Amino acid sequence: MQNVLEIVTWYKNNLRDLPWRSTNDPYKIWLSEIILQQTQVNQGLKYYYAFIEQYPDIQSLANADEQEVLKLWQGLGYYSRARNLLKTAKLVADKYHGIFPNSMEEILKLPGIGQYTASAILSFAYNLPYPALDGNVFRVISRLYNIRLPINEQKNRSVFLDILNEMIQGVDPAQFNNAMMELGAMVCKPDNPKCDICPVSTFCQAKELGCASQLPVKAAKAAKKKRYFNFFYIKYQDGFYLIKRNESDIWQNLFQLPMIETNTEVDISDVFTMLQEVVQLLWKELLVSGAHDLCYLNSKKHLLTHQEINARFFEINMKEKPTFKLENCIWVNADSKQNYPLPILIEKFLLSL
DNA sequence: AAGTCGGGGCC
DNA sequence: GGCCCAGACTT
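In the working numbering, the protein residues as written are 1 to 353.
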């Protein structure tokens, strides 16, 4: 295909001199690919040098301990990459005699290596014709061929791979993959693509249609759900009740004020209904379950995740006829940036009394 | 299929 | 402030 030749030729004349491009040592290729997952080249470069210096080959890495590796990884983010790096080093050292496997089937079994990284290693280290489909390549292909299928939907992946498998025929696989990513990183950028210097602008359908900036398409993420946690501060004698959360949700196993969750903001007229449910919950805990999950504060820290939690507290005095007072209700809006631990939510409420 | 893991660069 | 980056993994 003509556009492939243009891209590869452009790459040969304009490539950045990056250390992992002047080797086909599978260890160095693999290391660079792990470091560069979701990481820009400029950010990953110094970590690559540090790792190569500290661990010049896979055996030396396999002998390292996890804390040492994590220390070297510090600041890069996505720390499971570092843990998987060590796991794979040990695996390759032990089960593959220190030689990186060279088949798709074997390489995909290694921790931290998915479809992209497997293809990258197989092409860069062993020159096998597997197209590497990363964020750059998704963008280049979607623009070149005006493909408006969302790139974050798994079912569309094969559309891109089919095209790439055609393109990679007859050219050097390593150069092809490098060229596509380099084009995406340096020219066909997310914002302000440099179409004026692009070697394939005359082949590009997005360029022709003037819609490059709108590609690639990503399916909208589902709207964040709001959850409404209606807490009841139920006084009894000198104390009040806490009840344990289950383990399949946020704040796993933490104790909290008895609570009814709703998916909309409750009307004050619903409070009595909720209160009846809460009292049933408490009685069930007290009488049926033997109060295993009742009644004291657990200080373990579990942080709020991405969901937006709206917490409302109702003060109930069980000595009298159950009542609530509006002036004793407070709202706590905890968003993902604030990361309120549950104990702090409860504390805020108790301090406000 | 959706959620999670991060720090940095860019608009 | 939102999106993106040489994605993989768990639920």
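Among the clues, some could well be false.
Derived EDC-like pairs (lysine to aspartate or glutamate); straight-line CA-CA distance at most 16 Å [to be verified]:
no., residue 1, residue 2
1, LYS109, ASP94
2, LYS87, ASP57
3, LYS244, GLU285
4, LYS12, ASP25
5, LYS207, ASP196
6, LYS284, ASP267
7, LYS244, GLU261
8, LYS87, GLU53
9, LYS46, ASP17
10, LYS155, ASP172
11, LYS87, GLU106
12, LYS87, ASP65
13, LYS12, GLU208
14, LYS189, GLU153
15, LYS218, GLU153
16, LYS71, GLU53
17, LYS90, GLU68
18, LYS244, ASP270
19, LYS194, GLU208
20, LYS284, ASP270
21, LYS218, ASP191
Simulated restraints on C-beta separations [said to hold, decoys possible]:
no., residue 1, residue 2, range
22, SER103, CYS211, 56 to 62 Å
23, LYS218, ASP196, 23 to 29 Å
24, ASP270, LYS46, 32 to 38 Å
No lab work stands behind these hints, which were simulated from the structure alone. Note that the coordinates shown come from a computational prediction; the quantities given were computed from them, not determined experimentally. The beta carbon of each residue, even a glycine, is placed where N, CA and C say it ideally should be.
Going down the list of hints, with the structure as the test:
Straight-line distance between C-alpha atoms of LYS109 and ASP94 comes to about 14 Å, which keeps the hinted pair within the 16 Å bound. For the given pair, LYS87 sits about 15 Å from ASP57 by alpha-carbon distance, which is consistent with the 16 Å threshold. The hinted pair formed by LYS244 and GLU285 meets the criterion: a straight-line CA distance of about 10 Å does not exceed 16 Å. Between LYS12 and ASP25 the CA atoms are separated by roughly 21 Å; this puts the pair beyond 16 Å, and the hint is violated.
Between LYS207 and ASP196 the CA atoms are separated by roughly 10 Å; this keeps the pair inside 16 Å, and the hint holds. Of the supplied pair hints, the one linking LYS284 and ASP267 is violated, its CA atoms being roughly 26 Å apart against a limit of 16 Å. Between LYS244 and GLU261, the direct Cα distance comes to roughly 14 Å. Compliance with the 16 Å bound is thereby established for this hinted pair. A hinted pair counts as satisfied when its Cα atoms are at most 16 Å apart, and LYS87 with GLU53 does not qualify at roughly 19 Å.
The hinted pair formed by LYS46 and ASP17 meets the criterion: a straight-line CA distance of about 14 Å does not exceed 16 Å. A hinted pair counts as satisfied when its Cα atoms are at most 16 Å apart, and LYS155 with ASP172 does not qualify at roughly 28 Å. A threshold of 16 Å between alpha carbons decides the hint, and for LYS87 with GLU106 the separation of about 15 Å falls inside it, so the pair holds. This hinted pair checks out: LYS87 and ASP65 have alpha carbons roughly 10 Å apart, not beyond 16 Å.
Note on LYS12 and GLU208: the hinted pairing is violated, with a Cα-Cα distance of about 26 Å set against a maximum of 16 Å. A hinted pair counts as satisfied when its Cα atoms are at most 16 Å apart, and LYS189 with GLU153 does not qualify at roughly 21 Å. Taking the CA atoms of LYS218 and GLU153, the gap is near 8 Å; set against the 16 Å cutoff, the hint holds. Between LYS71 and GLU53 the CA atoms are separated by roughly 14 Å; this keeps the pair inside 16 Å, and the hint holds.
Taken as a hint, the LYS90 and GLU68 pair is honoured in the structure, with Cα atoms around 15 Å apart against an allowance of 16 Å. The straight-line distance between the Cα atoms of LYS244 and ASP270 is roughly 23 Å, outside the 16 Å bound, and the hint therefore fails. Taking the CA atoms of LYS194 and GLU208, the gap is near 14 Å; set against the 16 Å cutoff, the hint holds. Distance hint between LYS284 and ASP270 is unfulfilled; the C-alpha atoms sit about 22 Å from each other, more than 16 Å.
The straight-line distance between the Cα atoms of LYS218 and ASP191 is roughly 15 Å, inside the 16 Å bound, and the hint therefore holds. Between SER103 and CYS211 the beta carbons are some 40 Å apart, a value that contradicts the proposed interval 56 to 62 Å. At roughly 26 Å, the beta carbons of LYS218 and ASP196 sit within the given window of 23 to 29 Å. Distance hint check: the CB atoms of ASP270 and LYS46 are about 57 Å apart, inconsistent with the given range 32 to 38 Å.
Going through the hint list in order, the structure does not satisfy hints 4, 6, 8, 10, 13, 14, 18, 20, 22 and 24.
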